[in-house]
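These protein sequence lines map, in sequence, to chains V and F. Once you know that position 140 of the first sequence is 140 in the working numbering, the rest is easy, because the numbers rise by one and skip nothing. Once you know that position 115 of the second sequence is 1115 in the working numbering, the rest is easy, because the numbers rise by one and skip nothing.
Warning: the hint list may mix true and false statements.
Stated by the list, open to error - Taking CB as the label site, the calculated pair distances span:
#1 F:ALA1152 / V:PRO286: 28 to 38 Å
#2 V:GLN165 / F:ASP1181: 27 to 37 Å
#3 F:PRO1167 / V:PRO167: 29 to 39 Å
#4 V:ALA156 / F:ILE1047: 29 to 39 Å
#5 V:ARG106 / F:GLU1164: 24 to 34 Å
#6 V:PRO167 / F:LEU1184: 27 to 37 Å
#7 F:GLU1321 / V:ALA72: 35 to 45 Å
#8 V:TRP325 / F:ARG1319: 48 to 58 Å
#9 F:GLY1073 / V:GLU142: 46 to 56 Å
#10 F:LEU1184 / V:GLN165: 24 to 34 Å
#11 V:GLU142 / F:ASP1281: 22 to 32 Å
#12 V:THR169 / F:GLY1073: 52 to 62 Å
In short, the hints are calculated from the structure, not lab data. All residues carry an ideal CB built from backbone N, CA and C; glycine is no exception.
2 protein chains.
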Amino acid sequence: MRRLGLLVGLLITVTACGGAPQAQETTPRPTWAMAIHGGAGTIPRDIDPEVRDAYVAGMTKALHIGADKLAAGSTAVDAVEAVIVELEDNPLFNAGRGAVFTSDGRHELDAAIMDGRTRACGAVTGVTTVRHPILLARTLMERFPPVFMAGAGAEAIAAEAGLEQVPNTFFDTPKRRQQLDEFLKRRAATKGGGTVGAVAMDSAGNLAAATSTGGLTGKLPGRIGDSPVIGAGTFADNASCAVSGTGTGEQYIRHTVASSIAALVREGGMPLEAAAHHVIDDVLDPGDGGVIAVGHDGSVAMVFSTTGMYRGAADSSGRFEVKIWE
Amino acid sequence: MRRLGLLVGLLITVTACGGAPQAQETTPRPTWAMAIHGGAGTIPRDIDPEVRDAYVAGMTKALHIGADKLAAGSTAVDAVEAVIVELEDNPLFNAGRGAVFTSDGRHELDAAIMDGRTRACGAVTGVTTVRHPILLARTLMERFPPVFMAGAGAEAIAAEAGLEQVPNTFFDTPKRRQQLDEFLKRRAATKGGGTVGAVAMDSAGNLAAATSTGGLTGKLPGRIGDSPVIGAGTFADNASCAVSGTGTGEQYIRHTVASSIAALVREGGMPLEAAAHHVIDDVLDPGDGGVIAVGHDGSVAMVFSTTGMYRGAADSSGRFEVKIWE
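Work the whole structure out from these sequences, hints included.
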């Protein structure tokens, strides 16, 4: 950390506060930008091509929804919410329908959303009957306070707000059932996979981040991961960046991953990409996961230490890409 | 934030990374140090002298317990845990016995503990039957993962670990019942008051932080405050500082108060006291609350924007003080 401090000192002299990497200074700053993820993990390169194409199609559809909204002048908060709603409905991903099972064969969903303009935020954990947990997080953000609610208390607010409620079995999918069966045979925790997230800068320059997940296959009921913990799996602050993480939640919590990246940008003057690499590569352990981030200058970072991360990025310059490996 | 970045840049040139304020360079670095709090809020200066003396006696007893442990070579983690156990048992404070009531007349307790040496942490929320929530947080920290658990799932671990369980009415006190009655008449949220916290540097130079609370009088069941959110109300990292906060939890969550102070010290090279003042005075709103913090050099900061904060500090140089106002 001392070494990092010195490095940061040097970077300050080179790039000035909050500066973009010098290489980007000649590129026009995008008027809007977005990145999304569908989870990081051990994604074999010889994955069934049909499955691969389904993931790519799912990510592409979600990214189009967000990018179209931003291009039409939507706020960053509305754009990231729309992406997450789409991915929560896609059974391929571990959020909403398609969420993993807890050790007792149910689903407990976590989600968070944050507005970088005001740092307003909303987060929920242990949600079992709300079709779109991200909409409940948004409801808390708008109603502040409280901003962070668990279980039945959170669901009471969903009912009051008129959000769609479903039986817990609505979230069931055969693939996740099979993963639970395998987990129960091995009694070993599996790494997270399929958490979904989105970050955006809108045309007013405001940032937002959102994350939604079912957590870990076979997790203990009541376990809270990093996704709903502001500063761990989700964070947004106009002065620095918006971040959504996916990986070993406990590691993201203890290293306050999302807010640490923001602090390196804001306090340390580090370029966004370097800050994300520092936290993923040097602070976390290899294989812990990844992050997507968008900076206050519209720069995008997508960094992971797993074999792959379902991810996509788009901006006003015409960039539109969806990737798994590389 | 830009202005702060420039200020931080200047500080780096003057004090070097993570440096203590220059005025302290002549003072010998203490071999151990501790600070504790019993909540920040509107504490009238004309408080009944008997009540004042009871608070001072409670803080003094808890501080002695922690200081004696540190002087005897205990770890920072053991010292902060022992302080919190004592304060959870003291019905004057809003943690354990004496915790405030939720809107439905029960108690839901939150707690967290963090080891700055490893950044291992444990946190619980919505605990209703565990006499010492801090011991359950410690259990999670030792058993990692999971590190953050809610409600019945957390209590199942308490039962398995053999922690003392009590009926929820064990936490009742007449004063808190009266505060709930007043809340229900007014239907207005009250500010937090009486949350307890402790931070320490032990003789091996390791830091730790711990916080425990009943939250807000009349809080919605399921509401999670900042105390159990690592980086918001509780944080410890040997490279910077250990922090415990008390105040308007939602504000502490969105501004990631504890980890922001640590980031200003670690990435920004700001002295601990200045970092705490920046976050409490410039980032939070007036009256939001306070923090206690101990730096990696054994320096102590106790900063608040309320009329008072029950607090105390002790170190190996013989310092031992308990204060409410000033």
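Consistency of the hints with the structure:
1. With their beta carbons about 35 Å apart, ALA1152 (chain F) and PRO286 (chain V) fall inside the hinted range of 28 to 38 Å.
2. Hint check: GLN165 (chain V) to ASP1181 (chain F), Cβ distance near 33 Å, so the stated range 27 to 37 Å holds.
3. For PRO1167 (chain F) paired with PRO167 (chain V), a C-beta distance near 32 Å keeps the hint of 29 to 39 Å intact.
4. Under the hint 29 to 39 Å, the C-beta atoms of ALA156 (chain V) and ILE1047 (chain F), about 37 Å apart, fit the expected range.
5. ARG106 (chain V) and GLU1164 (chain F) have their C-beta atoms about 29 Å apart, which keeps the hinted 24 to 34 Å range intact.
6. About 34 Å separates the C-beta atoms of PRO167 (chain V) and LEU1184 (chain F), a value consistent with the hinted range of 27 to 37 Å.
7. Distance hint for GLU1321 (chain F) and ALA72 (chain V): a CB-CB separation of about 60 Å, inconsistent with the stated range 35 to 45 Å.
8. A hinted range of 48 to 58 Å holds for the C-beta pair TRP325 (chain V) and ARG1319 (chain F), which are about 57 Å apart.
9. Checked against the hint of 46 to 56 Å, the C-beta distance between GLY1073 (chain F) and GLU142 (chain V) comes to roughly 51 Å, which is consistent with it.
10. The given range of 24 to 34 Å is respected by LEU1184 (chain F) and GLN165 (chain V), whose C-beta atoms sit roughly 28 Å from each other.
11. Between GLU142 (chain V) and ASP1281 (chain F) the beta carbons are some 28 Å apart, a value that agrees with the proposed interval 22 to 32 Å.
12. At about 55 Å, the CB distance of THR169 (chain V) to GLY1073 (chain F) agrees with the hint of 52 to 62 Å.
Of the hints listed earlier, the one the structure fails to meet is number 7.
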